[in-house]
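Asks: Chain by chain, the residues run as shown.
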Amino acid sequence: DAGVIQSPRHEVTEMGQEVTLRCKPISGHNSLFWYRQTMMRGLELLIYFNNNVPIDDSGMPEDRFSAKMPNASFSTLKIQPSEPRDSAVYFCASSLSFGTTSFYNEQFFGPGTRLTVL
Amino acid sequence: GIQVEQSPPDLILQEGANSTLRCNFSDSVNNLQWFHQNPWGQLINLFYIPSGTKQNGRLSATTVATERYSLLYISSSQTTDSGVYFCATGGGNKLTFGTGTQLKVEL
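For the record, the sequence lines run as chains A and B.
In terms of the numbering used here, the first sequence opens at residue 51 and continues consecutively.
In terms of the numbering used here, the second sequence opens at residue 15 and continues consecutively.
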């Protein structure tokens, strides 16, 4: 089975340019997560979707960041305009979450996109 | 939000040695995972373990949710075990990551 797929794997761009990162979750999963990893801040959750609906975007750093999930098999994270401090590895993860009293939500991560903004 | 602390931050082992990694968290949780980030940056799922004990080969994990900690045991370590081990936990769908334990296994 294919895991979470992310593209591109590496992106180098110049300050001020628009960057779009893409993610295809595992088929059948109903939750999708975008994380960012930096040396200074570690791994942090940016936003997550449940059944294609954004549930919590409190981790999105500022208005330059936006995320969409138009259908169950595709999501994008866009940065416009990009800045050097956005340089990081961006991970997408997905899970099949269910349950209330007995809750299950194991997340599986994609390979990440390494973004460098010059 | 929830605080997640991991110890030790760094660990160097000789091949064949055993080790225990610890994860403390500040609030009740219903979701806890251990990951291995290999030298190529991939995050590999090790355990989904909000409570109880699980074993997978040379690795095992125990979470005592009432006391707010989890342990990851690595036995007979191998050089391929090198990398960073993350604990991530939280309530509901959200995961908060610890800062990780950097493990190096030497011959």
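Just to be clear, a hint being listed does not mean it is correct.
As the list claims (entries may be wrong) - Just some of the chain A residues that point at chain B, by a computed CB distance under 7 Å: (1) 78; (2) 89; (3) 92; (4) 101; (5) 147; (6) 148; (7) 155; (8) 156; (9) 159; (10) 161.
Note that these hints are calculated values from the structure, not bench results.
Glycine residues also receive a C-beta, built at the ideal position from the N, C-alpha and C atoms.
Asks: Just to be careful: measuring from the Cβ of residue 92 of chain A to every Cβ in chain B, is the smallest value less than 7 Å?
Replies: holds, 5 Å
Asks: Hint validation: residue 156 of chain A versus chain B, beta carbon distance must be below 7 Å. Holds or violated?
Replies: Result: holds, 4 Å to nearest chain B Cβ.
Asks: Using 7 Å as the Cβ threshold, decide whether residue 161 of chain A counts as touching chain B.
Replies: With a minimum Cβ separation of about 6 Å from chain B (threshold 7 Å), the hint on residue 161 of chain A holds.
Asks: Hint check: is the beta carbon of residue 155 of chain A less than 7 Å from a beta carbon of chain B?
Replies: holds, 5 Å
Asks: Holds or violated: the hint that residue 78 of chain A contacts chain B, with Cβ atoms closer than 7 Å.
Replies: violated, 16 Å
Asks: Does residue 148 of chain A meet its interface restraint, that is, does its C-beta lie within less than 7 Å of any C-beta in chain B?
Replies: Hint violated; residue 148 of chain A Cβ to chain B Cβ min 11 Å, cut 7 Å.
Asks: Min Cβ distance, residue 159 of chain A to chain B: is it shorter than 7 Å?
Replies: holds, 4 Å
Asks: Does the interface hint hold: is residue 89 of chain A within less than 7 Å of chain B, judged Cβ to Cβ?
Replies: violated, 11 Å
Asks: So, as I understand it, the hint says residue 147 of chain A touches chain B; can you test that by seeing if any CB pair is closer than 7 Å?
Replies: For residue 147 of chain A, the interface hint holds, since the closest Cβ of chain B sits about 6 Å away, which is under 7 Å.
Asks: Does the nearest C-beta of chain B fall within a distance shorter than 7 Å of the C-beta of residue 101 of chain A?
Replies: Cβ of residue 101 of chain A sits 11 Å from chain B, so the hint is violated.
Hint check: violations occur at hints 1, 2, 4, 6; the rest are consistent with the structure.
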